[in-house]
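S.K.: For reference, the chains in residue letters:
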Amino acid sequence: MRIRKKSGSEILEGDLTPMIDMTFQLIAFFMVLINFSQSESDQRIMLPQSTLAKPPDRPMEYPITIQVMASGTLVYGGHELVNMNRLRPYLVNERSVLEGRKRPLSDATVIIRADRDTKAGVVQKLIQVCQEERFEKFALRAKEEVVP
Amino acid sequence: MKFRRDTVREDEKTELQMTPMIDIVFQLLIFFIMTFKIVAQEGDFNIRMPLALKREGPVDETPVLPMRVRLRADASGGLASIALNDMPFDSMKQLHLYVIGLVGGDDPSLREDAEVELDCDYDLHYENVIQAITAVSGYVDPTTGQVVKLVEKIKFSPPKETP
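Sequence lines, in order, name chains A and B.
Just so we're aligned, residue 0 is where the first sequence starts under numbering that gives the first Met the number 0, counting upward by one.
Just so we're aligned, residue 0 is where the second sequence starts under numbering that gives the first Met the number 0, counting upward by one.
Worth flagging that the hints you see were computed from the coordinates, not collected in a lab.
We put the CB at the ideal spot given by N, CA and C, even for glycine.
Treat the hints loosely; a few may be bogus.
Once the Cα atoms are required to be at most 30 Å apart in a straight line, the calculated DSSO-like pairs of lysine-lysine come out as [claimed, not checked]: (1) B/Lys92 with B/Lys148; (2) B/Lys152 with A/Lys101; (3) B/Lys159 with A/Lys124; (4) A/Lys142 with B/Lys12; (5) B/Lys152 with A/Lys53; (6) A/Lys124 with B/Lys92; (7) A/Lys101 with B/Lys159; (8) B/Lys159 with B/Lys148; (9) A/Lys142 with B/Lys154; (10) A/Lys53 with B/Lys92; (11) B/Lys148 with A/Lys53; (12) A/Lys53 with B/Lys36; (13) B/Lys154 with A/Lys53; (14) B/Lys152 with A/Lys124; (15) B/Lys154 with A/Lys124; (16) A/Lys142 with B/Lys92; (17) B/Lys148 with A/Lys124.
Beta-carbon label-pair distances, calculated as ranges [claimed, not checked]: (18) B/Ser108 with A/Asn84: 37 to 47 Å; (19) A/Pro17 with B/Ile29: 39 to 49 Å; (20) B/Thr143 with A/Arg87: 42 to 52 Å; (21) B/Gln16 with A/Val96: 48 to 58 Å; (22) B/Lys154 with A/Met30: 42 to 52 Å; (23) A/Ala27 with B/Asp73: 44 to 54 Å; (24) A/Gln42 with B/Arg71: 25 to 35 Å; (25) B/Gln145 with A/Ser105: 24 to 34 Å.
Some chain B residues flagged as far from chain A (calculated, every beta-carbon gap over 12 Å) [as the list claims (entries may be wrong)]: (26) Pro87; (27) Asp106; (28) Asn127.
My request is simple: use the sequences and hints to build the entire structure.
M.R.: This is how it looks when you write it as structure tokens:
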């Protein structure tokens with residue numbers, strides 16, 4: 000009788016310490032690896048690959064990211080622009096922001112994230128439009144190709 | 000009686016409630032697992048292309064080592080032919096080796112002065128342009144893993160045609 004009473008009243012508790020330890024380790028791992036800098040990337044764009052595409056040593060002073068889809072449609076700041084000339088007002092806006100901050104236009108870098116199947120002429124035309132708006136520094140973005 | 004009461008107090012354990020903490024910790028863990036994505040590193044090819052202004056007086060000096068890479072496209076936008084200063088090449092690898100032969104020597108001024116102008120067909124896939132830029136702008140040294148630069152000045156010809 001006595002034995003039965005004891006076994007009935009006891010609460011069996013597992014030791015949670017190792018599990019919590021592991022869970023915190025996992026959280027720390029994922030927290031360190033989380034990368035918000037990729038937020039500018041667009042899933043619809045498959046970048047071309049290059050062995051020389053290494054991440055830059057330091058962030059750019061004034062980046063302006065323009066995405067170009069395979070169809071030739073531009074994506075700038077969440078706006079889809081079918082006609083390239085519709086980009087001009089945005090570029091003028093960026094230029095006036097720079098001028099307002101009293102910084103030279105050469106501080107700005109136009110980052111072109113074009114799909115691998117985009118027509119080269121579209122990218123050239125985009126560069127030309129930016130040049131006409133007096134931007135002169137460009138960065139053609141590519142995905143790093145890992146050589147086995 | 001007093002003795003009994005004391006023993007009862009000693010036996011009591013003040014236990015922290017672990018359940019809410021574990022709940023939150025698991026929520027956090029699930030958030031980080033769901034937002035985790037393995038993304039290949041991205042890099043840039045820097046191009047400085049100011050708009051050529053009409054100037055009076057003498058024209059700017061031509062670069063010491065001008066290189067004009069002509070990339071022709073086939074009907075589907077693939078690469079049909081490669082030529083450097085009208086010299087045809089079968090592959091990007093050949094072009095790359097030729098450029099190494101031209102500017103890859105010990106004289107760094109050659110690399111600084113060399114300038115490549117890319118002349119591409121309108122319909123050519125952009126991927127081929129990046130391959131051509133990769134071929135002329137450098138290579139990864141297999142022993143050190145460092146990038147060895149070749150031609151740094153790259154520019155584009157004006158677009159061929161407007162559809």
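S.K.: All hints, please: hold or fail.
M.R.: Now the hints, each set against the structure:
no.	hint	in the structure
1	B/Lys92 with B/Lys148	16 Å, holds
2	B/Lys152 with A/Lys101	28 Å, holds
3	B/Lys159 with A/Lys124	9 Å, holds
4	A/Lys142 with B/Lys12	58 Å, violated
5	B/Lys152 with A/Lys53	18 Å, holds
6	A/Lys124 with B/Lys92	28 Å, holds
7	A/Lys101 with B/Lys159	36 Å, violated
8	B/Lys159 with B/Lys148	29 Å, holds
9	A/Lys142 with B/Lys154	20 Å, holds
10	A/Lys53 with B/Lys92	20 Å, holds
11	B/Lys148 with A/Lys53	13 Å, holds
12	A/Lys53 with B/Lys36	19 Å, holds
13	B/Lys154 with A/Lys53	20 Å, holds
14	B/Lys152 with A/Lys124	19 Å, holds
15	B/Lys154 with A/Lys124	13 Å, holds
16	A/Lys142 with B/Lys92	19 Å, holds
17	B/Lys148 with A/Lys124	27 Å, holds
18	B/Ser108 with A/Asn84: 37 to 47 Å	42 Å, holds
19	A/Pro17 with B/Ile29: 39 to 49 Å	20 Å, violated
20	B/Thr143 with A/Arg87: 42 to 52 Å	45 Å, holds
21	B/Gln16 with A/Val96: 48 to 58 Å	52 Å, holds
22	B/Lys154 with A/Met30: 42 to 52 Å	43 Å, holds
23	A/Ala27 with B/Asp73: 44 to 54 Å	52 Å, holds
24	A/Gln42 with B/Arg71: 25 to 35 Å	32 Å, holds
25	B/Gln145 with A/Ser105: 24 to 34 Å	28 Å, holds
26	Pro87	19 Å, holds
27	Asp106	22 Å, holds
28	Asn127	7 Å, violated
Figure legend: structure checked against the earlier numbered hints; hints not met, in rising order: 4, 7, 19, 28.
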